[in-house]
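*Asks:* Using the supplied hints, reconstruct the complex from the two chains, each of which is provided in its own coordinate frame.
In the order they appear, the protein sequences are chains A and B. At position 227 of the first sequence (counting the first as 1) the number is 227 in my numbering, and the numbers step up by one without a gap. At position 8 of the second sequence (counting the first as 1) the number is 8 in my numbering, and the numbers step up by one without a gap.
Be aware that one or more of the hints could be misleading.
What follows is a list of derived Cβ distance ranges for each label pair [unchecked claim]:
1. B:N2 to A:F37: 36 to 44 Å
2. A:H219 to B:P82: 31 to 39 Å
3. A:W96 to B:W78: 42 to 50 Å
4. A:G63 to B:A71: 21 to 29 Å
5. B:F23 to A:I139: 27 to 35 Å
Chain A stretches covered by chain B per the calculated footprint, using a threshold of three residues with CB under 8 Å from any CB of chain B [as the list claims (entries may be wrong)]:
6. 41-53
7. 109-115
8. 128-136
I should point out that these hints are in silico values taken from the structure, not numbers from a laboratory. Yeah, the Cβ is synthetic: ideal placement off N, Cα and C, and Gly gets one too.
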Amino acid sequence: MKLLESPAVKVGVSISIATGLYGISFGALASASGFSFWQTMAFSLLMFSGGSQFAFIGVVAGGGSGIAAMTAAALLGLRNGIYGMQMNALLRPVGWLKYPQAHITIDESTATASGQSDSDEQRRGFWTAGLGIFVLWNIFTGVGALAGDALGDPKQWGLDGAAVAAFLGLLWPRLKGREPWAIAATAALATIIAVPFVPAGVPILVAAVVAGAIGWFSHARSDEGMEPDVDPYPQGHSSADAAAREWSAE
Amino acid sequence: MNLWLWILLACGLAYLTKLSGYFVPAKLLRSPRMMRVAGTMTIGLLASLTVVNAVASGQSLAFDARLGALAAGAVALWLRAPFLVVVIVGSAAAAGLRLLGWR
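Isolated chain B, as found in the complex (with noise of 0.2 Å):
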């Protein structure tokens, strides 16, 4: 019930971002400064979301089948292969390792 809240809060949030750019006065939101900063910010946040995902268990750090998946996703972009694609070749590279007896 607790996420519920979390979740419907969050979805607040997302709704009101996108209407505060229809009704904030143009100048405050439109500095080059502040579209810069939701620029890097989407990239840092993609950047470290990758990695949590990647290699972060709880509080430690570990080395395990999803860095396969990593590497096995990075290719695959790479070769321009579209999103879909990409998602299935990320955890076919995981489930297989995982076959291969490397958790």
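Chain A on its own, in the form it takes in the complex (with noise of 0.2 Å):
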């Protein structure tokens, strides 16, 4: 009982029930996109994050290749690394341990336990949000991926709009500021250009390569675009933010 007076974990729960349930959605769109039950499980079991499993089917959905989708979703996931990085140094996990908490090292776990500023509320938030996140996730694809091959023509119930929208609801609350609006607008545009030149599925890496090189040659804040998709504080970034910055100015 007295865990579920921790602030860190009532915040993990919440947001474990928010991104948990829209696992729905990327099993309903995988299994759409042509993949079996378990190559979809698979993603949300062994990859386990949002934005790189979308990335992968998005691009096979578009006719892409698999080298394509793989290098795609690989590189979505690059801020994990940064993020197993900050938690390394928060949390101070050691022996074993190590290995099971950089699989749940997400944008949702990393946000929960960077927003409390004592040890323990640091650890508790970690790995409620992390463990209750996959565990739902997993379900809530498991669920998605049934619904969708019981659909029949993804087409008609629009699933290829579902698919845009997912894309966009994942980028939209990384767009705060001009900053990150001018590089999702560059991005966006290279985009388009490329498709009529490169095969299926390229144009993203193009894009991804264009990006890359802003965030080398400019000066802004460089936790840009490390948003986690369900804010797990919504009240105000100011203690997430504060931490991050702290971090980072370290």
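*Replies:* Laid out in structure tokens, this is it:
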């Protein structure tokens, strides 16, 4: 009972439910894009990073090759490496604990932990959000995959439109301020220009290179684009932002 | 079977990326420049995936019901709808426009 009084656990539970639920859209889209039930589950069990999972199926659905899909997913997952480093510094896991902890190091678990100031609370927040999302995300992926199989013609149900909205929904929380908008617009333009000239799937990688180059040469704040899809602390970013700033200023 | 290979490789890369944060010397990844690239790349990839799914059809551009889904999704996000609602709105918009005859 004491555990439920912890603010970090409460935040972790609510973020788990909000994020876990939309596993249903991943499952449905994956099966509509032609992935088998177990392929769909492999993404949620083993890759376990929403953006990368959607990226892989999005590239394949657009006619892209397996290698292009893998590359897009891997590049989109790069930020998890940064999160791993932050969580290693913040939570200081020892021994074998690093291995399971790495697997649940995603936008939401990182954001939940960095929003707390007490080190026990940070740990509780991370594990509650990470494990909670892992369990619910996988359950709802399965539900979505079975529902997607039963739907029949995906276009009739507008599932290709659902994919468009899903990517916009993943992008939206990261568009805070003018610079992210400019990066997004540049990447979108690069994509449209590249489509007629390179094989399907490759325009996404062209956009990644363009956006990466902007990051390499610009002097923007260093935590840009590192927002969770569902913000654990919606009433003002103060604590999470402060933790991120403190960390990157070290 | 070939697709399975790429799926499993992508899963392995995803885990190794996460794990690298726990083992790679902090100095290497901790430079502000590396962090910025990871962040801007995330924005660029998601923007590109949005556009590709909205207007690309193989190697050509097509303006069809998916554009309606993009607009409807943007409105839903503007109104602060939760993610799942945004996805449902996008699918309803595309399905509805097709019923009205706009492919």
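*Asks:* For which of the previously enumerated hints does the structure constitute a violation, in increasing order of number?
*Replies:* Those not satisfied are hints 1, 7 and 8.
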